[in-house]
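My request is simple: use the sequences and hints to build the entire structure.
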Amino acid sequence: MIEYRLEATGDPVFVVDLKLRVTREVVWVSRSDLEASDCLRVLIRLGKIRVSSGARSRVSKLPPPPKRRLPSAVARSRPGGKGVAATPATAPVTQGVTPEEAQAMANKAAQTAAENAVKMAVDALLPAIRAIQQNPAPAAASDLDLRIEQAVARALGSVSFTGPATSSLKPTTGPDEPLFIPTGIVKDTVESLTIKSDSSKSEDLDGAASALKALRTGKSKGKK
Amino acid sequence: MSKKSAPLGIGCDIGTMNIVAARRQEDGSVETSRVRDAFLDLDQSAKRMLKLSGVNYLDQGEDGIIVVGDAAMEMANVFGREARRPLSQGLISAGEMDALEILGVMIKNVLGDPATEGEACYFSVPASPVDADRDVVYHKGVFERIVTECGYTAHAGNEAMAIIYAETAGDGFSGLGISFGSGMCNLALAVSGVEALCFSVARGGDWIDAGAAKATGSTQSRMCAMKETGVDLLNPEGREQEALALYYKALIEYCIDQTAAEFAKIKDRFSLPRPIPIVVSGGTSMAGNFLPFFEEVFEKKRKKFPVEVSEIRHASDPMNAVARGLLIQAMQEHDED
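These protein sequence lines are chains A and W, in that order. Just so you know, we're using the working numbering here: the first sequence kicks off at 13 and counts up by one. Just so you know, we're using the working numbering here: the second sequence kicks off at 25 and counts up by one.
The hints are simulated quantities; they were obtained by calculation from the structure and are not laboratory data. Keep in mind that this is a model prediction, so the values were computed, not measured. Just to be clear, a hint being listed does not mean it is correct.
Stated by the list, open to error - Here are the simulated distance ranges between beta carbons:
id: 1; chain 1: W; residue 1: Lys291; chain 2: A; residue 2: Thr206; range: 40 to 50 Å
id: 2; chain 1: A; residue 1: Lys120; chain 2: W; residue 2: Leu270; range: 30 to 40 Å
id: 3; chain 1: W; residue 1: Val161; chain 2: A; residue 2: Val28; range: 51 to 61 Å
id: 4; chain 1: W; residue 1: Arg72; chain 2: A; residue 2: Asn119; range: 50 to 60 Å
id: 5; chain 1: W; residue 1: Glu219; chain 2: A; residue 2: Thr206; range: 35 to 45 Å
id: 6; chain 1: A; residue 1: Gly196; chain 2: W; residue 2: Ser295; range: 42 to 52 Å
Claimed, not checked - Not everything, but these chain W residues come out facing chain A in the computed CB check (under 10 Å):
id: 7; residue: Val54
id: 8; residue: Val59
id: 9; residue: Arg60
id: 10; residue: Met97
id: 11; residue: Pro138
id: 12; residue: Thr140
id: 13; residue: Gly142
id: 14; residue: Val161
id: 15; residue: Thr177
id: 16; residue: Glu191
id: 17; residue: Arg326
id: 18; residue: Phe329
id: 19; residue: Arg348
id: 20; residue: Gln356
Don't be surprised by glycine CBs; every beta carbon is placed ideally from N, CA and C.
Take a look at the structure:
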C-alpha cells in the first residue's frame, strides 16, 4: 500500500477532516486519505505541511533505549510540563510528491467536481428546455432570453457544488496494487546464442512420471 | 514444429547462475540445454575482437554490444570486468529493465520453438524467502510473460518441489528437497506428493563466495572459480579453501535450522507416517565431497531436527534435477489431454 509522509513545516497544524495533528514528527497517511482530505490538500498548497512519498522501513528498529528516570524536580522544570525534550526536526525530504504535484491533484479533484456539477445542471435544465420546446409560446426574443435565464437560475439553485466522494478516487482494483509487467520482452527475431546441450537416459524420469500420474489418478478417484 | 513424435512438455529451471531447459526426445532420452545467466555490455570497439573469436553478441547500435551467456563470463575476465547478472538472490529486481530483454533472448534460445501451439512449459519459481523482504510476484509475472511470448503455455512450478518430483518417486513423493542454488536455497517438504512446507533462504553460492572472499581478502569471482574448479570440503587446502568450507558449513547449518523453525510452525497440522529422505541438489552442491560434508553437519543437528530422516542423498543429476522435475509436471499436462 502506498503511504505518504507528512511533516509540518512550521507550527503544528490540525487537519480537521482527518482529525490528525501534524507536527514536525513524521506522520503517515494512506493515499486514499490524502486524496480524500480537502483540508490536507489546502494545507499542502499553503506550504504548511510537507508531503513526500515512500515506503515505511520494514527493517526492524533497534530496541528503544531504556528510559532514564529523571529526578522529579528536573522533569517539572522543563517547559511543557512533561519533562520531555523536543524532538529535533527531521531532515527535509527531497523525494516524493512535490507541492506542484499536490496542486495538480487538487486541480484534478476540483475539475472532476466541476464536471459532475455541470452534468447535474444539464440534467436539471433538460426538463425545462423540453417544456419550452413542447409549449412554444409566442414570445419575443428578449422574453425567451429571460425565461432561459430563469430556468438556468432555477436549475443551478438545486445543484450543490461538492467535491468527489472518497470512494470515487479509490482504486477499483482492490487493496492489492496492480503489477506492471511489460509486454514485447521476447522479440520476433532473436539472435542465436551458444547453448550447451546434453543428452541423458530417462528411465528415472519415465518412472517418476508414471508414479506421479498414478498418484494423481488415485487421489482424484479417491475424491470421487 | 519438428518434434511431433516426441512427448510434449518442457521444463525450464531459471536460476541465478544458469537457465536450464529439459525436453524429452524422440528416442526417449532427455535433452538438457543450458546457458549461463549472465551478460556483459561492451563498446562497439569490441565488436571486431568478438567477431574474430567467434563470440555471439547482441548489437544494440549506439548503446554498444551485449555478450550473453558463458561467453559473457569469459569476456568479463578478458576485459577485467564483472559480468552482470539479470537475477540477484534468485529473483529479478523490478528496476532491471535492461535485463528483461536479455532474459527473453536466453529463454527463447534454451526453450526453442514449441513442438505444438501452446505446448506446456513449467518454469521454476522460488518460494518467498523467510529471511528477506522480497516477494516473488513480479518475478513470476515476468517469466510467465516471457514463456508465453515464446509460444508456450506457461505454468509456474516451485523449484524445490521439482526436486521432489524428479527424485523421490521411489519414496512415494515424500521427502525434503533442498536446492542449493547460487542466489538462494530453496527447500520443500512433501508428503505423498503434497507440499507441506515450502520456503527459501536468501543465501546460496554467492553468499559463500562473498563471505569467503571477505574473510581472506580475495575477490568473489576468484572464490567462485575456485569452487567450480574443485574444492574438497572435507580436506580444504589453504586459507581460501578453508574459508569456503567454513561458509559451506554455515550455509548448511542455516538451512537445517530454518527448516526446523519453519516445521515447528506447521507440526500440529500433519504427521509424517515414516522417515523421509533428504535430497540435495543444485550447482552449489557440486563442490567436492558435499554430500558427506552435509551428512557430517546434519549428524550434529539430527537430535534437534524435528523430522525423522531415512537417508541423505544427492540428486542423480544435481545441475538438471529441477528442470527434470518441471519436465515431469509439464508432461502430465499433456497426458491429461
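Going through the hints against the structure:
| no. | hint | result |
| --- | --- | --- |
| 1 | W:Lys291 to A:Thr206: 40 to 50 Å | holds (48 Å) |
| 2 | A:Lys120 to W:Leu270: 30 to 40 Å | violated (59 Å) |
| 3 | W:Val161 to A:Val28: 51 to 61 Å | violated (38 Å) |
| 4 | W:Arg72 to A:Asn119: 50 to 60 Å | holds (56 Å) |
| 5 | W:Glu219 to A:Thr206: 35 to 45 Å | holds (36 Å) |
| 6 | A:Gly196 to W:Ser295: 42 to 52 Å | holds (50 Å) |
| 7 | Val54 | holds (4 Å) |
| 8 | Val59 | holds (5 Å) |
| 9 | Arg60 | holds (9 Å) |
| 10 | Met97 | violated (12 Å) |
| 11 | Pro138 | violated (13 Å) |
| 12 | Thr140 | violated (18 Å) |
| 13 | Gly142 | violated (15 Å) |
| 14 | Val161 | holds (6 Å) |
| 15 | Thr177 | violated (15 Å) |
| 16 | Glu191 | holds (8 Å) |
| 17 | Arg326 | violated (28 Å) |
| 18 | Phe329 | violated (26 Å) |
| 19 | Arg348 | holds (6 Å) |
| 20 | Gln356 | holds (6 Å) |
The structure shown violates the earlier hints numbered 2, 3, 10, 11, 12, 13, 15, 17, 18.
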